[in-house]
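Enquirer: Sequence:
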Amino acid sequence: MEIINYIKSYDDLYSLFKEVKLGSRNKDEIKKAFESSKYISAIYKKGKIIGVGRAFGDEIDCAVICDLAVSLNHQSKGVGSKILQSLVKQVNHHLRIILYAEPGKSDFYEKNNFHTMKTAMMTSSKLPLELGRQIGFIE
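With UniProt numbering, letter number 132 in the sequence shown gets 132, and the count goes up by one each step, no holes.
Derived by calculation from the structure, the hints in this document are not laboratory data. Certain hints may be false.
What the hints assert, rightly or not - Calculated lysine-lysine pairs in the DSS-like style (CA-CA distance at most 25 Å, straight line):
hint	residue 1	residue 2
1	Lys-111	Lys-126
2	Lys-38	Lys-21
3	Lys-89	Lys-126
4	Lys-21	Lys-82
5	Lys-21	Lys-32
6	Lys-77	Lys-126
7	Lys-118	Lys-18
8	Lys-126	Lys-8
9	Lys-126	Lys-31
10	Lys-8	Lys-18
11	Lys-48	Lys-27
12	Lys-111	Lys-27
13	Lys-48	Lys-32
14	Lys-38	Lys-126
15	Lys-126	Lys-32
16	Lys-48	Lys-89
17	Lys-82	Lys-31
18	Lys-48	Lys-118
19	Lys-111	Lys-46
20	Lys-8	Lys-89
21	Lys-89	Lys-111
22	Lys-8	Lys-48
23	Lys-31	Lys-8
24	Lys-38	Lys-48
25	Lys-31	Lys-18
26	Lys-82	Lys-126
27	Lys-48	Lys-31
28	Lys-46	Lys-77
29	Lys-8	Lys-32
30	Lys-89	Lys-31
31	Lys-31	Lys-21
32	Lys-32	Lys-77
33	Lys-31	Lys-45
34	Lys-38	Lys-89
Bear in mind that the values here come from a model prediction, so they are computed numbers and not experimental data.
The task is simple: from the sequences and hints, build the whole structure.
Expert: Below, the structure written as structure tokens:
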């Protein structure tokens, strides 16, 4: 396994997102999100992407980690933790490192030293509130 800080193929990345059902963005939207992020960690095995994550920040106060995805065949094998640790190391100069987890995944992040926030809020002009409630992102 090799961990690198860039994406070799956005076609493969898109396939990984579809495999793990991470959001509904199209390939161009995923590519733009990763190209707009300063920090990337991707793990490849035999030339194939098996896990990825990205982060961005203001270089002082807040960094955000998002889009952590691990192929189904490699989950629960430490791949996600390696990606998360790599991203944390890259953004550790920020005062705060923030992420939001898919519903049901918070245990993984707690095991990796993240803590539930009591004051996080969100708004979106693109995500209907009712859909956000249905998928468990908001109360």
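Enquirer: Taking the numbered hints from earlier one at a time, note which ones the structure violates and give those numbers from smallest to largest.
Expert: 1, 3, 6, 7, 8, 12, 18, 19, 26 and 32
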